[in-house]
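J.: Quick mapping for you: the protein sequence lines, in order, are chains A and B.
Numbered per this note's numbering, the first sequence spans residues 1 to 145.
Numbered per this note's numbering, the second sequence spans residues 1 to 387.
Be careful, since some hints might not be right.
Restricting the straight-line Cα-Cα distance to at most 25 Å, the calculated cross-link-like pairs of lysine-lysine (BS3-like) are [as the list claims (entries may be wrong)]:
id, chain 1, residue 1, chain 2, residue 2
1, B, 167, A, 22
2, B, 167, B, 194
3, B, 287, A, 104
4, A, 66, B, 287
5, A, 79, A, 126
6, A, 66, A, 126
The hints are simulated quantities; they were obtained by calculation from the structure and are not laboratory data.
Here's the letter readout for the chains.
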Amino acid sequence: MARNLGIAAMAMELMESLLLRKPATVMYPIERLSPPERFRGRLRYDPSECSLCGLCQRDCPADVIKVVRKRVEKEDGTKEMTGHLEFEMDRCVFCGQCAYSCNKGSITFTREFELAQGSRDLFMMKSESANVDDEECDVDTDVVP
Amino acid sequence: MAKLSFPVGPQHPALKEPENLRFSVDGELVVDADIRIGYVHRSIERSCSERNYVQDLYLCERVCGICSNAHTQAFCQAVEKIAGVEIPERAQYIRMMMHEFERIHSHMLWLGVAGHEIGFETLFMYVWRDREVIQDILEMVSGNRGHYAMTMLGGVRYDITPEMVTKIREGIAFLRQRAEHYADIATTEATFLKRTVDVGPISGARCQTLGAVGPVLRGSGVGYDVRRAFPYLKYDEVEFEVRTSELCDVLGRTLVRVLEVIDACDIITQVLDMMPEGDITTRFPRKVPEGEATARVEAQRGELIYYVRSNGTDVPERVKIRTPTLANLPASLEMVTGGYIADIPITFASIDPCFSCTDRMVVLDDVNSGDSRTMTWPELVKLGRRS
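Produce the entire structure from the sequences given, and follow the hints as far as they go.
T.: Dropping the structure here:
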């Protein structure tokens with residue numbers, strides 16, 4: 001009798017867990033789950049604040065980032081450091097270390113997660129130029145004279 | 001009846017990772033077993049000597065997908081010891097919490113796999129459904145379901161917010177209740193008992209002789225847990241029991257893991273109560289002073305050891321990793337021997353093997369003659385192709 005009651009209780013529990021719960025899967029892509037706030041999705045780079053210091057390149061464990069710096073002479077004779085960042089995003093492991101190392105907040109990770117591409121070339125990103133007045137860091141990066 | 005020998009793997013439908021097992025059988029009984037590892041060697045230790053400490057953190061995290069946090073914890077512990085840096089108290093508690101979150105997710109994953117290996121698919125489905133709760137918590141706290149990138153040199157990357165604390169408490173209460181239910185199933189369900197009682201037997205003394213660690217050792221009645229024996233982080237401040245089982249079989253190992261899930265829930269609750277306010281990181285030098293250190297942590301599969309030697313630069317000179325699966329392999333071969341062929345999958349699964357973690361290569365110098373040897377690339381290729 002007690003055993004039967006136990007089985008009945010278990011069956012009730014099962015019914016509750018099976019019938020009253022929502023299914024875990026959703027009808028993707030019609031319905032999308034929202035990733036959590038700290039999710040590291042697509043990388044976003046903002047060159048306006050970037051000082052081309054190269055900390056992101058030095059700390060990237062997957063060699064995704066390449067900082068290319070160039071010294072150009074302005075009309076008034078002063079020199080300006082200009083350059084850009086190149087990202088090989090197919091190598092990225094989304095650890096977020098570049099964003100963590102960046103003192104200027106130039107690199108952030110968005111919550112966008114649909115990143116598949118048809119070709120490897122489409123993962124190669126070259127940023128807009130970033131201009132800085134002086135070198136702020138002594139990190140070795142590729143400086144094009 | 002004549003003995004028959006047959007290989008399993010390196011490519012085999014039953015294996016999740018490539019490894020080569022050789023069994024000699026007499027009818028249905030296994031009379032001898034041998035293993036050859038090395039198919040997933042990734043040269044991680046060597047690669048660590050090519051990258052700086054920050055990059056190594058992520059490389060070490062990728063030694064194992066399941067115990068990634070334990071690897072970063074052990075690596076950071078060793079490097080912080082060399083640098084003489086003590087991380088803030090709050091960071092220590094957060095690290096501990098992550099460590100226990102990972103233990104819950106890993107043990108629940110294992111329980112599901114064990115259910116699958118013995119043909120108890122219902123258990124597999126239920127456990128993995130419940131495991132999503134801890135996966136959601138991990139994702140909420142760290143941003144990822146695996147490879148959390150939470151542990152940094154000098155602290156942790158993310159803080160725990162008050163809203164998170166509420167959600168963690170709710171999730172942990174649910175998981176504790178479910179773990180109690182699974183402990184009940186493991187001890188009463190006839191299907192489960194028939195496939196686990198007296199399967200893969202090994203005594204505690206043999207486990208110690210063969211160097212077994214973690215739930216395998218504790219499942220044979222030996223109460224050795226790094227968290228108790230050599231407390232790290234704040235484990236000396238929380239109350240928990242080192243779970244052991246005298247059953248010495250697959251059921252014993254299962255019970256130890258399920259009870260450890262319950263303990264992990266209790267540890268997390270204590271950590272949430274004790275966690276002080278404050279910083280989560282401290283300044284860590286780029287260049288680590290000369291020195292060497294060993295760190296050990298109780299990963300989910302057992303004792304994980306890291307040895308790091310620094311030469312004063314920002315790149316380590318040597319990183320040596322001893323993973324628990326490597327320590328448990330000799331014991332697993334003894335467990336299989338004498339059992340039925342049908343019990344091989346669950347017996348091997350009972351050590352929770354991870355072969356990607358395990359593969360290492362050692363070239364020994366001859367101490368007597370003083371000869372040392374450097375292996376060339378063609379020699380390495382030849383060694384890799386040897387059957």
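J.: Hint by hint, note whether the structure agrees.
T.: Now for the hints, and whether the structure bears them out:
The straight-line distance between the Cα atoms of residue 167 (chain B) and residue 22 (chain A) is roughly 19 Å, inside the 25 Å bound, and the hint therefore holds. Restraint check for residue 167 (chain B) and residue 194 (chain B): the C-alpha separation of about 38 Å exceeds 25 Å, so the hint is violated. With a C-alpha separation of about 23 Å, the suggested pair residue 287 (chain B) and residue 104 (chain A) falls inside the 25 Å cut-off, and the hint holds. Taking the CA atoms of residue 66 (chain A) and residue 287 (chain B), the gap is near 22 Å; set against the 25 Å cutoff, the hint holds.
Between the alpha carbons of residue 79 (chain A) and residue 126 (chain A) the distance comes to roughly 23 Å, so the proposed pair stays at or under 25 Å and holds. Under the criterion of a C-alpha separation no larger than 25 Å, the hint pairing residue 66 (chain A) with residue 126 (chain A) is consistent with the structure, at around 10 Å.
This entry does not satisfy hint 2, going by the numbered hints stated previously; all others are met.
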